[in-house]
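Our numbering puts the first residue of the sequence shown at 1, with every later residue one more than the last.
Hints may be right or wrong, so weigh each one.
[Claimed, not checked] When the alpha-carbon atoms are kept at most 30 Å apart in a straight line, the in silico DSS-like pairs for lysine-lysine are as follows:
id, residue 1, residue 2
1, K57, K318
2, K234, K13
3, K47, K310
4, K310, K241
5, K290, K241
6, K137, K290
7, K241, K13
8, K174, K13
9, K91, K137
10, K273, K318
11, K91, K290
12, K310, K268
13, K310, K234
14, K273, K290
15, K318, K268
16, K273, K234
17, K13, K47
18, K290, K318
19, K57, K47
20, K91, K268
21, K273, K310
22, K57, K174
23, K290, K162
24, K162, K241
25, K174, K273
26, K162, K91
27, K13, K162
28, K174, K241
29, K318, K91
30, K318, K47
31, K241, K273
32, K57, K234
33, K57, K310
34, K91, K310
35, K47, K234
For the record, the hints were derived by calculation from the structure and aren't laboratory data.
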Amino acid sequence: MKRQMASNKLIRKIVVFGGGGFIGSAVVDRLLEDGYELRIFEHPRVKPYRAFSSSEKVEWYSGDMLSEYDISRAVAGMDAVLHLVSFTLPKNSNEDIIYDVQTNLMAALQLLNVMRSQRVGRIVFISSGGTVYGIPKYLPVDETHPTNPLVSYGITKLMIEKYLLLFQRLYGIKPVILRVSNAYGPRQRLETSQGAAGIFLNCFLNDLPVEIWGDGSVVRDYVYVDDVADAFAKALTYEGKESVFNISSAIGVSLNQLLQEIEALTQKSVTLKYLSGRSFDIPYNVLDNKLAARELGWSPRINLREGLLKTRDWLGEKGALT
Numbered sequence: 001m002k003r004q005m006a007s008n009k010l011i012r013k014i015v016v017f018g019g020g021g022f023i024g025s026a027v028v029d030r031l032l033e034d035g036y037e038l039r040i041f042e043h044p045r046v047k048p049y050r051a052f053s054s055s056e057k058v059e060w061y062s063g064d065m066l067s068e069y070d071i072s073r074a075v076a077g078m079d080a081v082l083h084l085v086s087f088t089l090p091k092n093s094n095e096d097i098i099y100d101v102q103t104n105l106m107a108a109l110q111l112l113n114v115m116r117s118q119r120v121g122r123i124v125f126i127s128s129g130g131t132v133y134g135i136p137k138y139l140p141v142d143e144t145h146p147t148n149p150l151v152s153y154g155i156t157k158l159m160i161e162k163y164l165l166l167f168q169r170l171y172g173i174k175p176v177i178l179r180v181s182n183a184y185g186p187r188q189r190l191e192t193s194q195g196a197a198g199i200f201l202n203c204f205l206n207d208l209p210v211e212i213w214g215d216g217s218v219v220r221d222y223v224y225v226d227d228v229a230d231a232f233a234k235a236l237t238y239e240g241k242e243s244v245f246n247i248s249s250a251i252g253v254s255l256n257q258l259l260q261e262i263e264a265l266t267q268k269s270v271t272l273k274y275l276s277g278r279s280f281d282i283p284y285n286v287l288d289n290k291l292a293a294r295e296l297g298w299s300p301r302i303n304l305r306e307g308l309l310k311t312r313d314w315l316g317e318k319g320a321l322t
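Turn these sequences into a full structure, and let the hints steer you where they fit.
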């Protein structure tokens with residue numbers, strides 16, 4: 001018999017796993033604006049991304065997501081959980097599949113078990129709109145599209161989604177799963193070489209050559225990080241019956257088009273190096289976001305040009321990575 005939890009109780013205190021990262025920090029800033037009390041859980045090597053004011057109710061916890069003790073400590077007394085941690089990237093997850101599963105999947109299961117024992121009834125999980133669907137059978141890709149990931153990263157994300165739904169059926173923990181497309185914006189981790197918009201823009205600003213996998217025809221769907229944070233804020237209070245949402249711009253942009261946009265924005269040209277395509281790169285990926293608009297009341301507000309301008313300004317303030 002399912003033990004129902006109070007997922008619809010007033011949410012004031014939230015623990016954000018991965019709240020010091022690229023998307024996580026944007027989510028934290030948004031939720032602080034909304035007046036929530038936050039606990040940020042990060043790996044010990046991750047330091048606070050900014051100084052928090054005395055009026056902001058923030059706790060910073062360091063620990064290991066594979067440690068039941070550390071997770072229990074972080075979840076204690078919280079009303080909801082946001083899970084934005086990943087130990088791998090799409091491009092390297094196939095290199096050590098056992099590690100991908102042992103870290104990402106086991107950490108998520110550990111977290112769900114702690115939530116069950118502490119009777120925390122709501123979780124918002126960041127999934128991967130770019131990898132869980134695989135090669136599209138139709139466009140734009142909606143949430144009912146078949147899921148056939150080409151990389152372990154996507155398979156693991158999908159497995160976590162399935163366990164979230166299982167824990168909902170068994171224990172009443174309400175999940176909201178956000179399948180985010182290609183997020184970009186301030187605090188993007190350029191050193192991982194993940195995320196074409198930020199990487200390309202940084203190269204243009206520093207007069208560095210740009211490396212493009214394939215002929216530049218690969219099409220992606222770019223969504224600004226503050227819009228993603230807005231989706232998390234809306235997901236926290238969602239009480240409807242749906243569980244899985246695409247968070248996207250729903251606009252396809254090829255790598256060559258992205259390069260043209262950045263060239264026009266920066267008024268600069270750089271050397272373009274076209275490399276052999278990668279086997280796991282899906283040629284065309286654009287997500288339908290109508291369900292999020294209808295159920296969450298969410299739609300992206302910042303277009304690509306505006307988002308690139310904001311990212312350029314951030315790179316200028318922080319010093320672009322050379």
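So, going through the hints one by one against the coordinates:
A C-alpha spacing of about 25 Å is found between K57 and K318, which places the hinted pair at or below 30 Å, so the restraint holds. Of the supplied pair hints, the one linking K234 and K13 holds, its CA atoms being roughly 15 Å apart against a limit of 30 Å. Proposed proximity of K47 and K310 is supported: the alpha carbons are some 24 Å apart, at most 30 Å. The suggested pairing of K310 with K241 is violated, with an alpha-carbon distance near 35 Å, which exceeds 30 Å.
Distance restraint check for K290 and K241: the Cα-Cα separation of roughly 15 Å lies within the 30 Å cut-off, and the hinted pair is therefore satisfied. Pair hint K137 plus K290 holds up; C-alpha atoms about 18 Å apart against a cutoff of 30 Å. Using a Cα cut-off of 30 Å, the hinted pair K241 and K13 holds, with the two alpha carbons roughly 23 Å apart. A distance of roughly 16 Å separates the Cα atoms of K174 and K13; the hinted pair therefore holds under the 30 Å criterion.
Note on K91 and K137: the hinted pairing holds, with a Cα-Cα distance of about 22 Å set against a maximum of 30 Å. For a cut-off of 30 Å, the pair hint linking K273 to K318 stands: about 27 Å separates their Cα positions. Of the pairs offered as hints, the one joining K91 and K290 holds, with about 29 Å between alpha carbons and a cut-off of 30 Å not exceeded. Of the supplied pair hints, the one linking K310 and K268 holds, its CA atoms being roughly 17 Å apart against a limit of 30 Å.
For the hint linking K310 to K234, the alpha-carbon distance of about 23 Å falls within 30 Å, and the restraint holds. Restraint check for K273 and K290: the C-alpha separation of about 37 Å exceeds 30 Å, so the hint is violated. Using a Cα cut-off of 30 Å, the hinted pair K318 and K268 holds, with the two alpha carbons roughly 20 Å apart. With a C-alpha separation of about 41 Å, the suggested pairing of K273 with K234 is violated against the 30 Å cut-off.
Using a Cα cut-off of 30 Å, the hinted pair K13 and K47 holds, with the two alpha carbons roughly 21 Å apart. Taking the CA atoms of K290 and K318, the gap is about 35 Å. The hint is violated against a cut of 30 Å. At most 30 Å may separate the alpha-carbon atoms for a hinted pair to count; K57 and K47 meet this at roughly 17 Å. Proposed proximity of K91 and K268 is supported: the alpha carbons are some 29 Å apart, at most 30 Å.
A hinted pair counts as satisfied when its Cα atoms are at most 30 Å apart, and K273 with K310 qualifies at roughly 26 Å. Our distance criterion of 30 Å between C-alpha atoms is met by K57 and K174, whose separation comes to about 25 Å. Our distance criterion of 30 Å between C-alpha atoms is met by K290 and K162, whose separation comes to about 22 Å. Note on K162 and K241: the hinted pairing holds, with a Cα-Cα distance of about 16 Å set against a maximum of 30 Å.
With a CA separation close to 46 Å, the supplied pair K174 and K273 exceeds the 30 Å bound. Simply put, K162 and K91 have alpha-carbon atoms about 23 Å apart, close enough for the 30 Å limit, and the pair holds. Pair hint K13 plus K162 holds up; C-alpha atoms about 26 Å apart against a cutoff of 30 Å. Straight-line distance between C-alpha atoms of K174 and K241 comes to about 10 Å, which keeps the hinted pair within the 30 Å bound.
A threshold of 30 Å between alpha carbons decides the hint, and for K318 with K91 the separation of about 27 Å falls inside it, so the pair holds. For a cut-off of 30 Å, the pair hint linking K318 to K47 stands: about 16 Å separates their Cα positions. Between the alpha carbons of K241 and K273 the distance comes to roughly 47 Å, so the proposed pair goes past 30 Å and is violated. For the proposed pair K57 and K234, the alpha carbon gap of about 20 Å is at most 30 Å, so the pair holds.
A distance of roughly 27 Å separates the Cα atoms of K57 and K310; the hinted pair therefore holds under the 30 Å criterion. A hinted pair counts as satisfied when its Cα atoms are at most 30 Å apart, and K91 with K310 qualifies at roughly 26 Å. For the given pair, K47 sits about 27 Å from K234 by alpha-carbon distance, which is consistent with the 30 Å threshold.
Checked against the numbered hints given earlier, this structure breaks hints 4, 14, 16, 18, 25, 31; the rest are met.
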